[in-house]
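All chains should be modelled from the sequences, with the hints used to inform the complete structure.
Number of protein chains: 2
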Amino acid sequence: MLGFVALAAIAALGLAAVNFFAVKKMGTGTPLMEEIAGAIKEGADAFIKHEYGVIAKIAAVIAVLLGVVVTWQTGVAFILGALMSGSAGWIGMKIATIANVRVSNKARETGSLGETLKVAYRGGSVMGLSVGGFALLGLVIVYFVFGLLLGELDQAKLAITENWMGITFIPFTMTVSGYALGCSIIAMFDRVGGGIFTKAADMGADLVGKTEAHIPEDDPRNPATIADNVGDNVGDVAGLGADLLESYVGAIISSIILASYMFFTNLDSIGGAISYELISKLMIYPLVFAGIGVLSCMVGIVFLLARKAGDDPHKELNRSTQVSALLTIIGTGVFTWFFLKDQNTAAMGFKIGALSPWIAAVVGNLSGIFIGQLAERYTSYDFKSTRKVAEASREGTALNITQGMAVGMKSVFFPILVMAVATIAANAVAGIYGVAMAAIGMLSYVVATVSVDTYGPIADNAGGISEMSKLEPGVRQITDKLDAVGNTTAAIGKGFAIGSAALAALSLFSSFLYAQATPADTSGFILNINFIDTLTMAGGLAGATLPFLFSGILIEAVANAARKMVQEVRRQFQEIPGILTGEVRPDYTTCIRISSAGALKEMKFPAILSVTAPLISGFIFGANFVAGMLIGTTLTSVVLALYTANAGGSWDNAKKYIEQGYYGGKGSEAHSASVVGDTVGDPLKDTVGPSLDILIKIMAVVSLIAVPIFQDNNLISWIQSLL
Amino acid sequence: MLGFVALAAIAALGLAAVNFFAVKKMGTGTPLMEEIAGAIKEGADAFIKHEYGVIAKIAAVIAVLLGVVVTWQTGVAFILGALMSGSAGWIGMKIATIANVRVSNKARETGSLGETLKVAYRGGSVMGLSVGGFALLGLVIVYFVFGLLLGELDQAKLAITENWMGITFIPFTMTVSGYALGCSIIAMFDRVGGGIFTKAADMGADLVGKTEAHIPEDDPRNPATIADNVGDNVGDVAGLGADLLESYVGAIISSIILASYMFFTNLDSIGGAISYELISKLMIYPLVFAGIGVLSCMVGIVFLLARKAGDDPHKELNRSTQVSALLTIIGTGVFTWFFLKDQNTAAMGFKIGALSPWIAAVVGNLSGIFIGQLAERYTSYDFKSTRKVAEASREGTALNITQGMAVGMKSVFFPILVMAVATIAANAVAGIYGVAMAAIGMLSYVVATVSVDTYGPIADNAGGISEMSKLEPGVRQITDKLDAVGNTTAAIGKGFAIGSAALAALSLFSSFLYAQATPADTSGFILNINFIDTLTMAGGLAGATLPFLFSGILIEAVANAARKMVQEVRRQFQEIPGILTGEVRPDYTTCIRISSAGALKEMKFPAILSVTAPLISGFIFGANFVAGMLIGTTLTSVVLALYTANAGGSWDNAKKYIEQGYYGGKGSEAHSASVVGDTVGDPLKDTVGPSLDILIKIMAVVSLIAVPIFQDNNLISWIQSLL
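Chain order of the listed sequences is A and B.
Under the working numbering, the first sequence has 1497 at position 352, and the numbering climbs by one with no breaks.
Under the working numbering, the second sequence has 1762 at position 617, and the numbering climbs by one with no breaks.
Since the hints were derived computationally from the structure, they do not count as laboratory data.
One thing to keep in mind: the hints can contain errors.
Any copy, or any two copies together, can satisfy a pair, since identical chains are not distinguished.
Derived pair list, reagent style BS3-like, types lysine-lysine, alpha-carbon separation capped at 30 Å [what the hints assert, rightly or not]:
hint, residue 1, residue 2
1, Lys1811, Lys1709
2, Lys1529, Lys1709
3, Lys1746, Lys1529
4, Lys1460, Lys1529
5, Lys1263, Lys1186
6, Lys1709, Lys1801
7, Lys1533, Lys1749
8, Lys1749, Lys1194
Printed below as a string of structure tokens:
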């Protein structure tokens, strides 16, 4: 079993390497193209290097803490997770900055949409395969080294153990949690840092360029334009990849942990309902499931790359993803049938029938598709909502903003209803384990999703390079078409990201409750998070505010950096008159430096807040408060993430709709209003929303690791002991 | 006891009448002033009449339903509540439209700030006293007629009873819930309808007037200006009054209901911990508490009106409120001591010591003050946050909006932390009853708060009339000073409204759980809302989206009406060139009609949604789902209400700061940007935020009434019975 997963991981990384070098050896076009691409690459490299430097220090501190307070295995697994996630982000950024100019050049040389698409997708697939490959490889190592070699999966060790500090937990759950936390930390920094970088550059470029100087996007006269393109690579590629890797790992480990807690059902007081053999099976099951998904996606990727590509990029990409998804569903279905066919067990919230975890995964998958489609209904200009935002722009900026807010707020209801129903359904077929499997179902073909998601910014960058290198308009047309498709798929991808994050958070949360339940007192063992308990309710209130606080800090961080960018761009336009006439090359480097410095400075506080909030609360108010807090944070995060994603998407597309000539088209008052709306939406949809997905998982994992410690050691219980 | 409360209510209404006629007999100034004031009055009268017509039909349906499905007493109490709340709103609107021109005239005649202040405050006090008087009067009637005359408070009837449909409940809890629901329905319609009216007019007037035609606020050339002034009366006066009346009643009845549920503690299985006598005491206690508050506020009002008023309106108003608050605290403290001094009981989440409910009330009061001050820190331009919004306006509209959002989002953390700590503290001293008392503590001097809150729009209207009647600038200066103070106190008042709504919702929610707990099976009687239960969790998710859905609908409603207004104003400016030169009087009536029609059309859906959401969910998914939903809705509502209030306030004051000459002052680019921000914030802070306070209470009360019905009759339990 594990060998198969290892093979799948290595195969994915192998294909990634093949595609990487295939892209790299392609032609890079004119000297000007090379120069511009070089500047983007340099900026991205420099930023990621600085960023990883900052992360390394913080990660080292956390690793040592985990090693001392929990187990050394947890600390090591944490570092492994950070390395895996970090590598995926690094490679993604690398390939994106290599592929962009080659996509542009392919369009220039061949003029073929299909051929150009293939280059961009091949580049994207490197990231997709790296995400799947590294995530699984790390899990295989954790499973093999700590689980098998060091025996944490032995029947005897799959029980509550006490460490040297007297803290009790199941060792393997801590080790895999450490691994997940490693991935989460990287994801948080990559997302937040990259998000601030890219949106500061984007907003700065747009605010002065489009709104004041009235020059088009990616115009080489705009000093912030290279920074903007760098941002696409560090934010939309590295950030997104690390984010989805983290969701993927989070979903897998939460089902492993839940399975390991099934040993509780063997306590004498309850009467051995689930055998050790079944528990072992359910702990490897999610890994194999994911392995099948990775292999299926490899087929889907090769399927696109090997065929003669047609001229409808939307269809091509969809077909590739559909092949991946379908093969995943069939493959995992067959596997599940043979693996669990004799099972029919139910105890303590767990329920395992022949196909039940697979059905739960399919439910998750379907709900993800449904949520994605709903996102499209609200954000695409083919539908009423976004057209209304465009229409409102005629009455000015304020009504564009107001209408976009309204669309975003209204858009949260149905997707979350789908999520709620999916949770009920998954739970009905396979208990709590089913909820975790639903998250895995959504993410099982993550390789395909990330490949498409990365393809988008690569195409976007290629467009920028074509513009700045003054290539023929035909080239830009090709890259624009590719980019437009990327935008739609990105919106759908966000639905998956949010949905899976919510489900993963719910199952991590269930694990938290298992960890909180005192196993010594098994007579009354019951999972309960009672919201009528005042501490829990207070925790819920406090937790509900955190996503808002976190978002406010992020938005302000982007705004601060963007304002500096605006001032710099204005300064250059004023002091160097030759820039706007195209005679003098603007100073790109200073703008890159502003985004970079802003991102590095501002990313620390929100990232650290997400880790420390549950710890501080736990040591003051105890485990019940933290339980309430996790619920509160999850609820508002999910709602806020959908709101920001859909409002932002709607503003963006309303602008694009007007640019197609409606309501006066480009240059009209309505267009100006819609540009402001788009700018307001940018940090919401690309910085805040995605970071919220990570926030809930990071808080859940941190709480899960720390609950054995603060459970009995907190201020409130200390005060009560004094009274 | 009850006699004392009745006296307090009647005294308050008496003083209201005295002040009403005192204001009415004052002079109304020049013919032009009379004409303009007449137009405002007419518009407000017509709207309220239409609005009440719509409400009457819906209320009749609800009353019949309640009468048939629950008890006829509940239906009658519902109508009584609607009448009381409706009367308060009506009188408030009346006095506001009478006082506005008289304030303006007093300023014109005397030139004295102090004298003018008194007129405005006297007008405001009519509304404050009506709110307190009508709320209490209705409660006294309910208590006397249904409780005493019809015996619902007899020991024998203070127990679970079955009605003709086989639904079980405690009769008196249903009767008072019906009363509260009556108040809530009116509040919801007044708030939503008035909010849409006022903000549509306000946005429409500003968008074309300030931003496009560059004419000042309240300029008679603006066709929407009379509609804007009408809006202040129907939204900020009638809407706000009904809103706070509803909070006040909600807080009082939730403590009465909780007290009545104490009879559970006398069940044999638990062992008679609390005597019937104590329960009776705790059921009248909140009424007496409120009565003392009303009398104290009367002293505070007379204190201001009888003295020679100084020239610092802020100080005058604060002193009056402080007198009211202090007398309330002292009076209730003394009363509590004599009333409960021998008590020392604790059972089942209840805890009653000598002064404990009073301490909980003081905790609530202090936390309300604290929350109000925090609101000021975020929204006043004397502090950093709002100045930063103003500063960001220099870089354009997008950054003004973004920064305001960031301030709003960051502003939710500390107030809610205060709320959370207050909940823990109130619960620690007096159990669940203490949480309800904390809400009462916040609202105990509501008469004083509403007086000041109503004074604001009256002064605002007076300013408008002065401007439109072309009075000397000195008059406008006086009314502006009065208005400015009103804005600050309004921000603080919102903190109280949100805080008390949250606490009242929490205690209503506890009542819901008592009602849900099956009293037949008293052996395992435990209050539990277990969030690990999938249905509860799914309910939490669904509930968390409702405030966003509701807000989105409201914002869109305002935007729709505002867009029509913008089109009309633009049309008038284009078609009748004489308007802008001041030669032709614009067509005010059409604008009033647009706001009115928009409000009447758009208010129905959100109001009905708030009532039906818990019902539909209950009959499909059952009581556990609804319990989760109430939690989810409460959490996101509180957060969203604070966000909207503070973001809106900050945008508003950032604009005012710039208007004082900073960053280029009026007419600068920064000022234009800040006007857009203010316009975006308007519907958020004045329509959405306050309506959310009502949403959570209405949903809690509806659930409380309906839970005995859908508890066993729902789709899920029906499906389970089939399996």
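Task: Homomeric proximity label, Lys1529 with Lys1709: Cα distance no greater than 30 Å - done: For Lys1529 and Lys1709, the Cα distance is within 30 Å only across copies (19 Å; inside one copy 37 Å).
TODO: With 30 Å as the alpha-carbon cut-off, assign the pair Lys1533 and Lys1749 to within, between, both or neither.
DONE: For Lys1533 and Lys1749, only the inter-copy Cα distance (21 Å) is at most 30 Å; the intra-copy one is 38 Å.
Task: Copy assignment of Lys1263 with Lys1186, given that the CA separation must stay at most 30 Å - done: Classified as within; 21 Å inside a copy, 70 Å across copies.
Task: Within, between, both or neither, where Lys1811 and Lys1709 count as close if Cα-Cα is 30 Å or less - done: Classified as both; 27 Å inside a copy, 24 Å across copies.
Task: Homomeric proximity label, Lys1709 with Lys1801: Cα distance no greater than 30 Å - done: Both. Shortest intra-copy (27 Å) and inter-copy (25 Å) distances satisfy the 30 Å Cα cut-off.
- [ ] With 30 Å as the alpha-carbon cut-off, assign the pair Lys1460 and Lys1529 to within, between, both or neither.
- [x] Classified as within: same-chain Cα gap 24 Å, cross-chain 52 Å, threshold 30 Å.
TODO: Could you figure out if Lys1746 and Lys1529 sit no more than 30 Å apart (CA to CA) within one copy, between two copies, both or neither?
DONE: So Lys1746 and Lys1529 pass the 30 Å test across copies only (20 Å; inside, 41 Å).
- [ ] Could you place Lys1749 and Lys1194 in one of the four classes (within, between, both, neither) given a Cα distance threshold of 30 Å?
- [x] within (16 Å within a copy, 57 Å between copies)
In this structure, every one of the numbered hints holds.
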